[in-house]
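Asks: Position chains A and L against the provided structure of chain R, taking the given hints into account.
Chains as they are written, first to last, in this note's numbering: chain R, 1 to 543; chain A, 1 to 109; chain L, 1 to 199.
The hints are simulated quantities; they were obtained by calculation from the structure and are not laboratory data. Idealized CB from N, CA, C, for every residue including glycine. Treat the hints with caution; some may be incorrect.
Derived DEER-like restraints, expressed as beta-carbon distance ranges [stated by the list, open to error]: (1) L:A98 - R:P100: 58 to 66 Å; (2) R:V73 - L:M159: 17 to 25 Å; (3) R:G501 - L:P125: 36 to 44 Å.
Taking beta-carbon pairs under 8 Å as the criterion, some of the chain L residues facing chain R (in silico) [what the hints assert, rightly or not]: (4) S121; (5) Y144; (6) L146; (7) S152; (8) T173; (9) D174.
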Amino acid sequence: MTVGASSAATVAAAQRFQAAMPDMGASLLATQAMAAPGELLNLSLNASAVLPEAAVLLAMIATLLVDLAGEKVATRWVPPICYIGLGSSLVLLALQWNAPLEPSFLGAFLADNLAVAFRAVIALSTLLSLLISWRYAEKSGTPVGEYAAILLAATLGAMLLCGATDLVSVFISLETLSVASYLLSGYMKRDARSSEAALKYLLVGSAAAAVFLYGSSLLYGLSGSTSLDTIGLALQSSTTPLAALALVFVLATVAFKIAAVPFHQWTPDVYEGSPTPVVAFLSVGSKAAGFALALRILVGCFGAFDDQWKLLFTVLAVLSMTLGNVVALAQTSMKRMLAYSSIGQAGFVMIGMVCGTEDGFAAMVLYMAAYLFMNLGAFACIILFSIRTGSDRISDYAGLYQKDPLITLGLSLCLLSLGGIPPMLGFFGKIYLFFAGWANHQYLLVVVGLVTSVISIYYYISVIKMMVVKEPQEASDVVKAYPDVNWSLMGMQPLRVALIGCVAITAVGGILSNPLFQWANTAVAGTPLLQQAIALSSLKGLG
Amino acid sequence: MSDFLATLPSLQAYLLVAAMLFCIGVWGLINSRNAVRVLMSIELMLNAVNINLMAFSSFVDGDLIRGQVFAVFVITVAAAEAAVGLAILLSLYRNRVTVDMEQFNLLRW
Amino acid sequence: MTIATTTELICFLVLSAVVVIGALGVVLLSNIVYSAFLLGGVFTAVAGLYLLLNASFVAMAQILVYVGAINVLILFAIMLVNKREDLKAIANLTTRRAVSAGVCAGLLALLVRVVVTTPWSLPGPPAVGEEATARIGEHLFTDYLLPFEVASVLLLMAMIGAIVLARRDVLATDVVTGEVADQGLIEKARTPLLMNRAE
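Isolated chain R (complex conformation) (with noise of 0.2 Å):
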């Protein structure tokens, strides 16, 4: 009996929420009621909290419509556009830092600094990708004008991601997100490793975006609205079997997009079957989005089960971190490599959410900012390598320091940085995650995260080893038949600017990361939404 009252109580407490709430729909429908049309037109949308991605949106169609003029002219003008449209929208975003927060097109949105943070890291990875992807387009003979169209409306879905705050909005930009991704990963249309590795992620993630609607739908059930901020508010006053049935779908999908053990078998055969520029991109980007989708789902809307969710994402890191970088050590295939090391960096940022506080925060932001550029700065060289050479084993980098320095020097200056050695950008984002998680008595999670880096330090090292210690008789046919360095054909510079530039990021970014540092803590303290969870967070701590 008393399980029924307390059960109807929580629900009457349920109704109360949702009468108090704020809620575009019913204010919505109250001006409607009343007003002539002309009052519609008064609601503020706000919209230009998505001047960032309109202005992606802009390059995408310019950019279709100059490949409309034959393949000649979009390898001259498409790089142009999409650089012009990115570096907008990095201004745009800079723009809205700090600024004050208002949601936009009436709860759907919301630019605050966590949203402005990813969505900054996502369009840096776009542009990163884009620079280092022209001229292995070109020799492969894909169509460059849709390629980078593609990638944008990627990019334009995992912004709209990181900002959006109601159901549908999630859903929908995800789905963009994802959709591109597949097409993306299937582009080189001949090869049959490609296609088999876009019909593998395609039906892995159709089936994930279905278990992901399933628990939304209960969500909506649940608390009738689709806005994050209604459902977070009804599920503090339900802990009925339905909230944990929705935070176990929900769950499974954000480990999905996160490519967390054992969630992760997708990962392995995508990045080795896709193109290699458009894996730099889903290795960062789309994980980058991933991440923000967590935080807002299940810090913002999971807020009442805390311990729940924290104990299933404790799990996941182990995982991660274990599976991943066990696994990397026996990979000979580059890219391979560093799928199962990107699974284990996952697993390094979950630390940090599954903290929950400031620092931890902070960290995370701050860990992927580092990793867009020790990752896509390893990319670049990788892709520089194939292009040459047009192979990406582990043992025909041997004695590559004599042919290449530049490969060299950046894919080891990469790697270390990856591995977390110090003085590299990779190392401070390191210990400022493994930092918080100690503050936080988090114990189990920093023990393995520190086993697992040296674990990683061995496979990562070894691979420089076969770049630097090998003497010029031991080179690898490859390499001894290494072409002449050619940097004046078209694509070639871009590629160089976005090696050199990741690299110089990596290497010296760490003795000044000061600045990224507060950039992180600015992040964090901008954001409503966190700034509460750390808040119950403390209460829980001291009660």
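Replies: Only chains A and L this time, still in chain R's reference frame:
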């Protein structure tokens, strides 16, 4: 029994139909060897979600019917996904001349 | 029990039976063409359920998009890839199917339990009934404006991408150097995910 029947079609009844459809879709997703059938199973799962949304929309959220709008979006996305999926399948079929999932399945770990 | 409720009940039971049995047929029948037609039946029956829920607009959208577009697309795909294949036998296939059926039954039991035990906040506000279509339009241009616009980008991109992937011609040469393009063969030394092209 007749008491139960008299309450039909209630919210729970719709949700049960949706749950069955979803589970059948999951089973088909795991077990189908033909890639086209896997796509069909995914469509079944999406339809289950839509039944859920529509049922909630008319029983829980009858005046604002946000669930119906959500369902329209799901239908849109399902169409886009199906088109892309079949395009990828065609391009793979040209390379491989098979739609057997077991032959695509070379996951090593 | 009035005639109206009895009719509604009978309609609901028939439609649900069609949905569930049809879906079972889709995944169980060995001939994929039958599966595709049954899928069309499931989609239509789901549209019927929407009509029972007083949602005529979504029911029409369901018929137009699912039956008219997606199902036809699937039939086209079946015809385009219609080579008769003798699938290689797999060891323990029956065991695998039984185990996954067990897992799915467990999932179903869980879902059913949650559906039955959850105290839904019923009855909700009164339904809008015939005004639903107008209300959907209002939503699309007010609080769901952003997803509505993004959906247009999604559809444009999906269309372009599907055309690019499905059309036959690819550039034969590198536009810049004029060399023969080696698509997919840039990384020749990679271990292929697949065996060579089947005969």
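Asks: If a hint holds in the structure, say so; if it doesn't, say that too.
Replies: So, going through the hints one by one against the coordinates:
Between A98 (chain L) and P100 (chain R) the C-beta distance comes to about 60 Å, which sits within the given range of 58 to 66 Å. V73 (chain R) and M159 (chain L) have their C-beta atoms about 22 Å apart, which keeps the hinted 17 to 25 Å range intact. Between G501 (chain R) and P125 (chain L) the beta carbons are some 56 Å apart, a value that contradicts the proposed interval 36 to 44 Å. For S121 (chain L), the shortest C-beta to C-beta distance to chain R is roughly 6 Å, which falls under 8 Å, so the interface hint holds.
Taken as an interface hint, Y144 (chain L) checks out: its beta carbon lies about 6 Å from the nearest beta carbon of chain R, inside 8 Å. Because the closest C-beta pair between L146 (chain L) and chain R is about 4 Å apart, less than 8 Å, the hint holds. Interface restraint check for S152 (chain L): the shortest CB-CB distance to chain R comes to about 10 Å, outside 8 Å, so the restraint is violated. Using the Cβ-Cβ criterion of 8 Å, the hint placing T173 (chain L) at the interface with chain R is satisfied: the shortest such distance is roughly 7 Å.
Checking D174 (chain L) against chain R: minimum C-beta separation of about 5 Å stays under 8 Å; hint holds.
Consistency note: the structure conflicts with the earlier hints numbered 3, 7.
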